[in-house]
Each structure stands twice: as C-alpha cells, then as structure tokens.
Amino acid sequence: MFQGKPFCCYGCQTVYQLLEENKLGQYYSMMDIPAGVKTNDNHGASSLKYAFLDREEVQQKLLEFSNEHFARVTFYIPAIHCSSCIWLLENIHLLNKGVISSMVNFNKKEVSIVYRPGKISLRQLAELLDSIHYAPEITLEHIEEKKGRRNSRRLILQLGVAGFCFGNTMLFSFPEYFAWHEPIEGELRLFFNFINLFLGSLAMLFSGRDYFLSAFKNLRHGILNLDLPIAIGMLALWGQSCWMVIGENQNGYFDSLAGFVFLLLIGKWYQSKTYEALSFERDYKAYFPLAVTRVSHSGEEESVLLKELRPGDVLRIRNKELIPADGILKSGIGTIDYSFVTGESKPVRITEGQAVLGGGRQIGESIYIEVSSAVDESRLTSLWNQHQEEDFVDHSTLQPLIHKVSHYFVYGLLSISLLTLVYWLFDEPTGAVNAFVSVLIVACPCAIALTLPFTFGNTRRYFGRMGFYLKQPEGVEYLAHADTIVFDKTGTLTRPDVYDVKYAGRDLSSEEQTLLRSLFMHSTHPLSIAVYNYLGNGEIVALENYRELTSRGLLAEFKGIRVMAGSADFVEFPGISYPDESLPRVYVKLGEEFIGYFEIGASLREGMDKLIPTLKQNYELHLISGDSSARGLPIESWFRPENVHFRLSPHEKREYVRELMKKGKKVIMVGDGLNDAGALKSCLAGISIADKIYHFTPASDAILEAESLRFLPTFLRMSKKNMLVVRASFFISLLYNLIGLSFATRGLLSPLIAAILMPASSVSVVVFTTMSTSVLAAIYLKKSS
Amino acid sequence: MSIILILASAGFLLALGFLVAFWWAASNGQFDDTYTPSVRVLHDEPAVAVSSDENDLPSDNQVNSKT
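Chains as they are written, first to last, in this note's numbering: chain A, 511 to 1295; chain B, 366 to 432.
Chain A with its partners taken away, still in its complex shape:
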C-alpha cells in the first residue's frame, strides 16, 4: 500500500512513486486499472549488472552517434507491450534531465534515446530504464552489426517508384487505347510514347533490377527458377516496346511492363513483412550476457566482456546468473541448473574442484569458477561453430512445389516460343520475330509469382494471430510436406515453471500449513517455490532464525518449535538416508516429528494428452530428451518404445534428427532451449516453443507460443490445405497464360490486350488466394479456438 493505493507488486509501486514525484501520474489515467509494468526476474540484482556499459569499446558499438554534447542509442526492450509503455518511455526526459528525447518503435520493441553524455552516462541510462522496469536487453547479438533496415527501405523505394511508373504510363497510354476513330496527333503521340519509354525503363532498371540479378546468379549455378522467365519476359517487353516506339512510332507495352514490376514487388513486399520484434536467428550469443564479473588476484571485482575472457580467469557467478564458459568450481557450492543445456530439469550439485559447463545457471549463493576455455570453444557453443561449416539442410534441394512448377514452366515456355518461331518462319517470315517475342511477353509468370506470397503470407498472418509465428511464408509448405515430428520433453511437452506437487504423509492442520507456507515463502529455490505454490495463498506468520542452507534445506523457528524442510539427510528422515528418488522430494520435520514429504514432478502442458494421440494418426512421432527418464509422466506410452530416447546431449539430438533426415524422413522438430538448437536447425522445419516469445528462443523456422502448442495438428492440417489453394491458383494463372498464348502465337497480341490480361490475371490470383486462405482459416482456426 502506498498513498492509500494497492499495488500488485513492489515494482509497480516504485514506478508509481517515481512517476508521482515527477508528475507523470497521467500514466495511470490511461487505463482502467493501474497499469502493471512487468517487473524483471533479476529484480534487485547486483548494481554491477550494467557496469560493462562504462567501457569504451562497448559504447562505441552501441552508440549510433556521439560527440561531447549528444549521443544516441537504441535499446531493445522486450517489456514494451502497450500504449502506456510508449507514453512513459517517450517522456523519460522528465525523469532525468540528461535525456533529451526518446522515440519508441513499438513493432520492434525498441527505444532510441538522445541524451547528454555529460549529464548521464550510458550505464546510468540503462539503470534508469531498469529502475522503471523496462530493462533493456543488451546481448552480444545486439552489439554485432545491424542490417536489414536498409534493405526494407530499398524495397519500399522500389515499390514506390514502380507504382509511380505504373500509374503514369497508364495515364499516358490511355489516349492511344481510346482513340478508336482517329489516331492522336503525331507530336503528342511522340511525346507520350517517349515519356512511357522513360518511365518503363525506370521501372525495369531500378525496381526490377533484383530479378535480373537473381536470374543471372541462378543461371550460373544451373538452377532454373521463376526469376528467369520473369527476367526474360521483362526484357522481351522492354525490347519490343523500344522497337515499337523508336522504330515504328507506335505505343509500346510500357504500361504492362511497369504494372508487371509493380505487382511483383507488391508480392515481394507482402512476403517480406515479418514479425519485426521476434528474432529467428538467435544463437548462444543472445542467451549469454554481454559481460561477467571477473575477480582479479587482489580480490577486486570488475566487469569484463565475454570475448575477453581467457582461460585462467576467475569469475564470480551470482544467484541465477549464467556460467558463460566451461570451467572448474573454485569455491562455493554449485547447484547448477543445466535444463537449458541438457534438458535435465533437476539441478546438479557440484563441489569444489569439479568441472562446470558453460550455459548452466547457478541457483543459490555466489560461486567462483576458473575458466578453462574461451567462450566460443566451450562444449555448448561448439554446437554452432560446427554448424557454420556445413549447412546441413539445403532447402532448395527439397524441390518444393514452386521449384517443380518453374522447371516445367521454363521448358514449356521455351518450347512453345521456339515452335511459334519455327512455324512463322515457314509460314510468314516477316511476322516471326513479333510472334516469338509476343509469346515471351504473354507467358510472363507474374500470377504464378504472386501465388505463393499471398497464399502463404495470408496463412502466416492467421497463424500469427494464434500465436504461431513463421519466419518465412514458405514455412507453410515445409509444414505441409512433413511426415515425422520429433519432440523434446523438458520445457516443450512439460512446463518449465509449473510443477506437479504431491504430498505424502500425515494430514496437515491449517496452522501447520501456515507455518510451512511462511517457511517456503522466503526461499528462491525452485523446489521451495513449487511447494509454496502448492500450499496456495493464505495466512503468513513471522518466523525466527530463518536460515537457508544451499542445496540442503530450510530451517526456522516458530514459538520455540523448530521447522525444517529439505533433503532426507538434512532433516535426518528415518529409514531413508540415501533414498533412490526418481523425483526430487522435500522432507518436512516439525519439532521432533517427521511429517512427510512433498514430491515435485514436472507438469505436462495443457492439452498434451490430446495432442500426441491426434498427431499419431498421421505422423511418425519421436521423443528425445536430455532427461534420464520420463519422471513418472505418462508420456512414454504415447510414443513407440523404439522412438523414445533419453539422456541425449545436444550434439546427439542433432545427430538423431540428421539420421532421420538422411533416411528421407521429412522432419519437424519441436523444442525449446539451447539444447535443441542444433536439432532445430538440422530439420525441415524447426519450431521453438516459448512461454515468452520476445525473450530467448533458439534459432528456428518458427516460434510457437507455448499456449498454442495444442493447436499444432490444426496448423499442420491447414498447411496441407494451403497446398491445394496453391495448385488451384497455379491452374488459374495458367488459364490466363493460355488465353494470352492464343493471341500471341497468332501474332495478334497488342498493347491493349496485354494491358488487360496481365493485371487481370494477377488480381484474380491475389483475390482467389487471399479469399480461400481466409475461408480455410475461418473453418479450421475458429473450430479449434
């Protein structure tokens, strides 16, 4: 409670205080309920968290611009989630005089801040954002060069120019089309034609340039793709039109040419619209922090960049911090959660002198480790380095539909045009070239090129609404082809944060429950949190002499009675000093009485019991896990015994998926975490499951919100139906091509016919594909949600 107002958490209260002091209280009038600004997990973490930002080389890389008076930086802030966030972040200059202005990009979840380096340092700025719970995420990945923005700007420019040319050539072509009775005057006609020549050439050379480059590049590698007939068509259109304008003083096909380029680019633009705030390319760099705390020989602590770590350095790893590289535990008691690396959910206890692996997370008190290898040479990160050498999945060799179609198309086009040429040469040689070029013009696969972007792009949009984010629209096709699904267990089928707690022992009175609740409340150990949640909300009493012994248990007193909870040997539970536990247990002792124990098991995600049997009907299912067993879950019985594998390392998981791929299986891998990263990249379509999609997800072809995993069969079924839409749409565009050919082979093609036929075919394809995918989405997605 603060100023008579209730707050959900300390974080919100801090924010409120800060805002009230600075008269930004308006923030709260923007929503009906006081806005819940999400607090970050590392709440109250060390003050050294952003210390690395004081370093010159980090600043150089992060700052987009800086001199003595101004500096500009862009932070990625995953916590941005509503319009109030925009408001608060853009008024941050009221909180600190050093900030000049700030600008939010909501789609990218970024904020660009211009500030005075003399008044506030980069580190203070990050700490300020952190204090209002918009913790910037600064990882190695963000330090590397940023590109992509330039590219999307170029596409917009090309699209705009093509649209401009299209509109204006139409305008200057109309007089010709409508002058049925008397042709327009020579002077005017010349003027119009040359403007069209200029605009058409501009559209082709500037906006259509990429198609030529791509066609040329593919031809050199011996690949026939759709860009080749597109480039040929454009050249034929342009050459024929130039000849008509310059040689014969006729109007050419420039309006068709510009319209063609414009429509193609619309398809490309639609295809390129991606989920900007999501990252599909993350490797370990995004998961690791930028800097860690190094302890020098004299005992001083300093913040050091990961890449500067050398074997022999001693690092201090605090509670919940990551171990960045392989090393040896120097001092402290390690309770290391390797769930991200191996999938094993039970923390591993490590004593001094034992080895620790990079990627683990320390739970409990600080430990000191001595680094034994550089960051990019550790066991975990080598998963990526090996991968760079060989690109295992070459998607172009998978022969998706579009590749097959373009093959047939190119051969069909060439043979028809040559046949036409030969026929005309025998029949009437003067019209031969005209007919030949006409065939090339009219066969331009514009409508075919638009089919995929609009079918898959539209489906991807619907998937996105359901929490399934595809990296590229083509992902739909890979999903449709798949016949095998490989699941990871930990964090994918089970929930990483919720546990299935069972209590065994004598019944607890409500006072005893209160007592235990008060005991477990103070501990941050995952097991304590699980038991606390199991006990539920309720009364809390103050305990005395509370102590937490790392890796052993909790201890406190209440009115002289000792309350103990922890491992069996800690509470000296009778009979079982070294129990054979398949599941972790927390034993409880009240005074001198042993009460019982809590058994903590993983809990399956909702709907899994339906998901697996549904998928089983149509797909070959596999389960691979880093865990040692299924831990009492009914999972094993859902899969065929020969397809269930435990204790696999990240490398073995990758090899497993590769073996399946080599056998000709079309594999979808569903996983989370770093341990699946290799496997996710080795299969046809890797889907990473995420509870928080804006936080770490390993590189993959798609990100699926954990909530929506149960809809996976629906997504797959819909992808299959999409292929039908694609086929139907190809058929429609081929029909238009046939109509065009019937004119072209007879030498009857005129600019007017081309100007009608081309946009008509493209528009009908776009309308057909968007409509039918929307209908599909309405049928399938509505039913399941």
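In case anyone wonders, no lab produced these hints; they're calculated from the structure.
All of these numbers come straight from a predicted model, not from anything done at the bench.
Backbone N, C-alpha and C fix where the C-beta goes; we use that ideal spot for every residue, glycine too.
Misleading hints may appear alongside valid ones.
Stretch by stretch, here's where chain B covers chain A in the computed footprint (C-beta under 8 Å, at least three residues) [stated by the list, open to error]:
| hint | segment |
| --- | --- |
| 1 | 633-642 |
| 2 | 667-675 |
| 3 | 695-704 |
| 4 | 815-823 |
On the provided structure of chain A, position chain B as indicated by the hints.
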C-alpha cells in the same frame, strides 16, 4: 493542341515532384515504423512543463488521474 503538351508536361513534372518527396520521406525513415506514430498522436502532452518543477500546483490532469 500544344496546350495539351504544356499541361501534360506540367502534370508530369508535378508527379515527379511527388516522387521526389516520396523518395526523401522513404530514405529518411518515415516508413520504418508505421505503427507507433498512430499511438503517439493520441497521447496528450504531459500536464507539467519541463521547466516548472518548483511550481507544485496540481494541474487538472493530475486531479483527474486519481482513479
């Protein structure tokens, strides 16, 4: 007929002017973010001016904000 020539070229030049304006806008990043400005425009300016931190009179906005 020459008046059409003049008008047509004037129209074309005008259109070129818009193309240049579009080019400038696109390369200045006006199309980089097409969502945030639509939200930003709905936000009121903060009730207090930056310079008046000594002035502690509550403004209308703050009174209203006690919800």
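key: Numbered hints the structure breaks, given as an ascending list   = 1, 4
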